[in-house]
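**Student:** Sequence:
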Amino acid sequence: MSLRSIALLSFCVLLAACNKINQENYSQIKAGMTKAEVEQLLGSPTDCSGALGVSSCTWGDKNSFISVQYAGEKVVMYSGQGLK
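So the sequence shown is residues 1375 to 1458, counted in this note's numbering.
No lab work stands behind these hints, which were simulated from the structure alone. Treat the hints with care, since some could be wrong.
Below, simulated EDC-like cross-link-like pairs (lysine to aspartate or glutamate); rule was C-alpha separation at most 20 Å, straight line [said to hold, decoys possible]:
1) Lys1394 / Asp1421
2) Lys1404 / Glu1447
3) Lys1458 / Asp1435
4) Lys1448 / Glu1411
5) Lys1458 / Glu1447
6) Lys1409 / Glu1447
7) Lys1394 / Glu1411
8) Lys1394 / Asp1435
9) Lys1458 / Glu1398
10) Lys1436 / Asp1421
11) Lys1394 / Glu1413
12) Lys1436 / Glu1411
13) Lys1448 / Glu1413
14) Lys1409 / Asp1421
Sequences and hints are given; from them, build the entire structure.
**Tutor:** Written as structure tokens, this is what we have:
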């Protein structure tokens, strides 16, 4: 195996280990958490939308994601799919 292949493999393993969209982090989300607390846990969301003090943010992609709904700046509901 070449040095380039070893470096690429190491990078992929490191990247997978840094993925914050997982079951462990999902289980730490609780109703009443602030938006800042969720973002500290999961990082910046992939997408957010909302109006009139209600918003929804999603982390991940269509196969593996965490979705959090806020009223004001507090978590009211959350869901996940495809988490490992």
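**Student:** Decide, hint by hint, whether the structure agrees.
**Tutor:** Now for the hints, and whether the structure bears them out:
1. Lys1394 / Asp1421: holds (15 Å)
2. Lys1404 / Glu1447: holds (13 Å)
3. Lys1458 / Asp1435: holds (14 Å)
4. Lys1448 / Glu1411: Distance ~9 Å between Lys1448 and Glu1411 Cα, so the pair holds.
5. Lys1458 / Glu1447: violated (27 Å)
6. Lys1409 / Glu1447: Between Lys1409 and Glu1447 the Cα gap is close to 5 Å, so the pair holds against 20 Å.
7. Lys1394 / Glu1411: Within the cut-off at roughly 14 Å; holds.
8. Lys1394 / Asp1435: holds (12 Å)
9. Lys1458 / Glu1398: holds (8 Å)
10. Lys1436 / Asp1421: holds (12 Å)
11. Lys1394 / Glu1413: holds (10 Å)
12. Lys1436 / Glu1411: violated (24 Å)
13. Lys1448 / Glu1413: holds (12 Å)
14. Lys1409 / Asp1421: holds (14 Å)
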